[in-house]
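For this one, chain V is given, so just place chain Z on it according to the hints.
Protein chains in written order, with the numbering used here: chain V, 80 to 401; chain Z, 52 to 327.
Worth flagging that the hints you see were computed from the coordinates, not collected in a lab. Among the hints, a few may not be true.
Unchecked claim - Distance windows between CB atoms, simulated: (1) Z/F228 - V/L88: 50 to 56 Å; (2) V/D314 - Z/F94: 37 to 43 Å; (3) V/D314 - Z/S193: 40 to 46 Å; (4) V/R364 - Z/T203: 29 to 35 Å; (5) V/R390 - Z/D102: 55 to 61 Å; (6) V/I208 - Z/E225: 44 to 50 Å; (7) Z/R82 - V/I208: 46 to 52 Å; (8) V/A94 - Z/A192: 40 to 46 Å; (9) Z/A187 - V/L359: 43 to 49 Å; (10) V/T357 - Z/A192: 56 to 62 Å; (11) V/Y214 - Z/R93: 34 to 40 Å; (12) Z/L260 - V/F377: 38 to 44 Å; (13) Z/E225 - V/T351: 30 to 36 Å.
Said to hold, decoys possible - Which residues of chain Z face chain V? A few of them, derived with a C-beta cut under 7 Å, are: (14) G96; (15) L97; (16) Y171; (17) R172; (18) S183; (19) Q186; (20) M194; (21) R197.
As the structure is a prediction and not an experimental result, all values here were calculated from the model. For every residue, glycine included, the Cβ atom is placed at its ideal position computed from N, Cα and C.
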Amino acid sequence: MSRSGRSALLLVPIAALGIAAPFLLPTIVTQLAFLWLMILFAVTWDVNGGQMGYNSFGNVLFFGVGVYACAVIQRDSGLGYYTALFLGTGAGAVCAALAALVLGPPLLGIRGHYFAIATLGLSIVAADIASAWEYIGAASGIALPVYPGAIEGRARFFYYLLFALAALTWLAARALYRTRLGLAMNAIRDNEDKAEAMGVHTTRCKVFAWSVAAFFLGAAGGPVGNLVGFVDPRDLAFAGATFGVWMVLMAVLGGRGTLWGPVIGAVIFHVTQEVFWTYLLGWQRVAMGLLIVVIVVFFPTGILGWVSRVRRRGDAAQASSA
Amino acid sequence: MEYTEQLPKAEQPPRTSTGSDATRAPTERQRPLLEVRGVWKRFGGLVANHDVSLDVPAGRITGLIGPNGSGKTTLFNAIAGHHPIDEGSIRFEGREISRLRTARIARLGIIRTFQQTRVYRGMTCVQNMQISVPQAHETLASMLHRPTAASTERADELLEFTGLYGKRFMPAGELSFGQQKLLEFAMALMSEPRLLLLDEPTAGINPVLINGLVDRLRRANAELGITLFVIEHNMRVIMNLASHIYCMAHGEMLAEGAPEEIRNDPRVIEAYLGGR
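Here chain Z stands alone, though its shape is the one from the complex:
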């Protein structure tokens, strides 16, 4: 699968257009877009997140890996405001968001996709896209208008980009799992996020289509300037995609570094292979 056409930008480009990694000097230090500091989350006796800290720098693709049950999705849920954290701090653009509610956090520009995809099943693909416009400035009065022509056009562009244009009038519930995943990704792009949290974007997708998806993720980052924070189980994918990777195990942050370092880190290998 090849997508050679240029991904058109939204009419109002996202506020951070830091571009791809290559354009920025590696020495340049700036405040990370997302700062997670000392986050604890317990479910009864189970400690799902144990003093977790990490940074997601603006404009880059950061990876989060770890064996099943290591607390990755719990951390995503905490960042996106699905549950309160017990201790610690989560800052987005310097602003504490760990006490805010889900919808509020989304309106600040953090959008997440779900491991088990979530789309509006009874609505057509186009409608799914139309209701995914940025909500930050929507008021009750503005919502009493029809979807704008510009948003419908943008929806068509992004459906084209994800290869769903031919199915745009189909109810989302009738798409295959992989297609729903693509739709969810397109919806996330539609909302023009600053930070996109992707929970296993390639899980359940036909291996033949994975390269196309990885290409699209990279282009969303490079061309639209969206910062990506990706949970991924497919090692080949995450090593290719991310510039910096965090690895969790048993709720704790085990290691971090460039893909090369993570690949060769004995602690990571042990966590995955179960050690002795």
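This is chain V alone, in the form it adopts within the complex:
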């Protein structure tokens, strides 16, 4: 069977598990919702970082833009809860993509480590602006409207919303990587000078890819803000030191530049993190830090990179013994 055929077959049990999870594990629905958010974070980060070689530490900015855009619309639009939420989610996605369209041309002209350093500033600047801007609540943030349905259904509602968004993000990334633009992104990663010398519209490709990542990050903002119930500029919307760094770690852990790597990385990372919080309370950050060191030292190419290396070694051994 072809590789894409096998991967499509994997989607069925994952989708079934995703739908059944809130009923199988009703006590941790919120954590499961965050698991889908982590997967979305890792997959969107990998669009730039893995497939295109532009390591961004500022992608959390787009998430934050989505959080605030949705919160403001819910606060000010006067529409019903669900209408405002969905409108806000869409607006968050569009605003985030627009932010990428504006920031992309100047920032994506910077190559290598300098791009990473430049983007590091993005979430810091955004958090500072959000903390000072009265219209969006400044440092005291925005409290989101109360969920109108039954209290037991609240977490489940946002779980399904985030599950759908994460699934959509992954499918969109997969579709993107199969296009000529996906090939161009890989070409830019492998040798941008060569791509330019071959006439590839590099800037256009880079900005578009970043906007796609931003779009889905922005879309995730609204539901997450509502799930938490309160928008804080530094701890939720522009949480560069947590979300911003985790995005990178999860993609690197799973295997950057692959379709499943970020998903696997996000699952392992999130589960490990929850376990650390439960059993190593007080030491959870130390444990997390050590885990990061272990990842970078022992799995520099990520889990999928490690697996394919082991498998190739196995093939070679088989070939030599045959």
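Only chain Z this time, still in chain V's reference frame:
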């Protein structure tokens, strides 16, 4: 190594199909495809290109030789738009291109290969070829489509032509240096250039394979109508390949002429052997 099969043309043949030298009367004068006039390029105190002028006529193979450090690659970089020139003019089909950027020049139909080969190492050979389709008419919307079946077929043909078909699903980074060079050449053909700038195509290639490569270069010129402008250190190769040769030394144009004239030009011999 022998390649007897006919090199199939791309579905849309290149716009200039002037054919090989033999088919054209030598007296027929037409505007050169590429005109370099009085080009200066300085790097600090070093003058890398000193008032360089040359013509590359359409449909032919033109050679550029000269000792190391004579400014050949600098001139290539200037033509391909990798750095701005200080003075002078570079015209392609009559159009000034010396102010245009690399990607723009490439889309006009000037493709160059690199001395130290450049391929997309993490991508398979086929993917390297698929992304090397002509970019002139690619828009954001058109790039959201998958590679066409025609382009994949063309990629296979050209990989066959360069002898890489058996390795088409291998990551380009795992090819040997010589194979990467061949892949880069195949990618250049894939992009259907009007003018192909080749920077030392045979350097680092196994001597046994050089004849096969020279044969392929000649066929790319004769069968696909691609004009070639070749920097080459291997004298035997360039004398066999080019119909007209320019020789540079110390950043200046030293001599030009038919291979025979260049071979016997005392200035060229002196530049290479260092004179007294």
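Here is how each hint holds up against the structure:
{"no.": "1", "hint": "Z/F228 - V/L88: 50 to 56 Å", "verdict": "violated (40 Å)"}
{"no.": "2", "hint": "V/D314 - Z/F94: 37 to 43 Å", "verdict": "violated (52 Å)"}
{"no.": "3", "hint": "V/D314 - Z/S193: 40 to 46 Å", "verdict": "holds (43 Å)"}
{"no.": "4", "hint": "V/R364 - Z/T203: 29 to 35 Å", "verdict": "violated (50 Å)"}
{"no.": "5", "hint": "V/R390 - Z/D102: 55 to 61 Å", "verdict": "holds (59 Å)"}
{"no.": "6", "hint": "V/I208 - Z/E225: 44 to 50 Å", "verdict": "holds (47 Å)"}
{"no.": "7", "hint": "Z/R82 - V/I208: 46 to 52 Å", "verdict": "violated (57 Å)"}
{"no.": "8", "hint": "V/A94 - Z/A192: 40 to 46 Å", "verdict": "violated (30 Å)"}
{"no.": "9", "hint": "Z/A187 - V/L359: 43 to 49 Å", "verdict": "violated (59 Å)"}
{"no.": "10", "hint": "V/T357 - Z/A192: 56 to 62 Å", "verdict": "violated (49 Å)"}
{"no.": "11", "hint": "V/Y214 - Z/R93: 34 to 40 Å", "verdict": "violated (54 Å)"}
{"no.": "12", "hint": "Z/L260 - V/F377: 38 to 44 Å", "verdict": "holds (41 Å)"}
{"no.": "13", "hint": "Z/E225 - V/T351: 30 to 36 Å", "verdict": "holds (34 Å)"}
{"no.": "14", "hint": "G96", "verdict": "violated (26 Å)"}
{"no.": "15", "hint": "L97", "verdict": "violated (22 Å)"}
{"no.": "16", "hint": "Y171", "verdict": "holds (4 Å)"}
{"no.": "17", "hint": "R172", "verdict": "holds (5 Å)"}
{"no.": "18", "hint": "S183", "verdict": "holds (6 Å)"}
{"no.": "19", "hint": "Q186", "verdict": "holds (4 Å)"}
{"no.": "20", "hint": "M194", "verdict": "holds (4 Å)"}
{"no.": "21", "hint": "R197", "verdict": "holds (6 Å)"}
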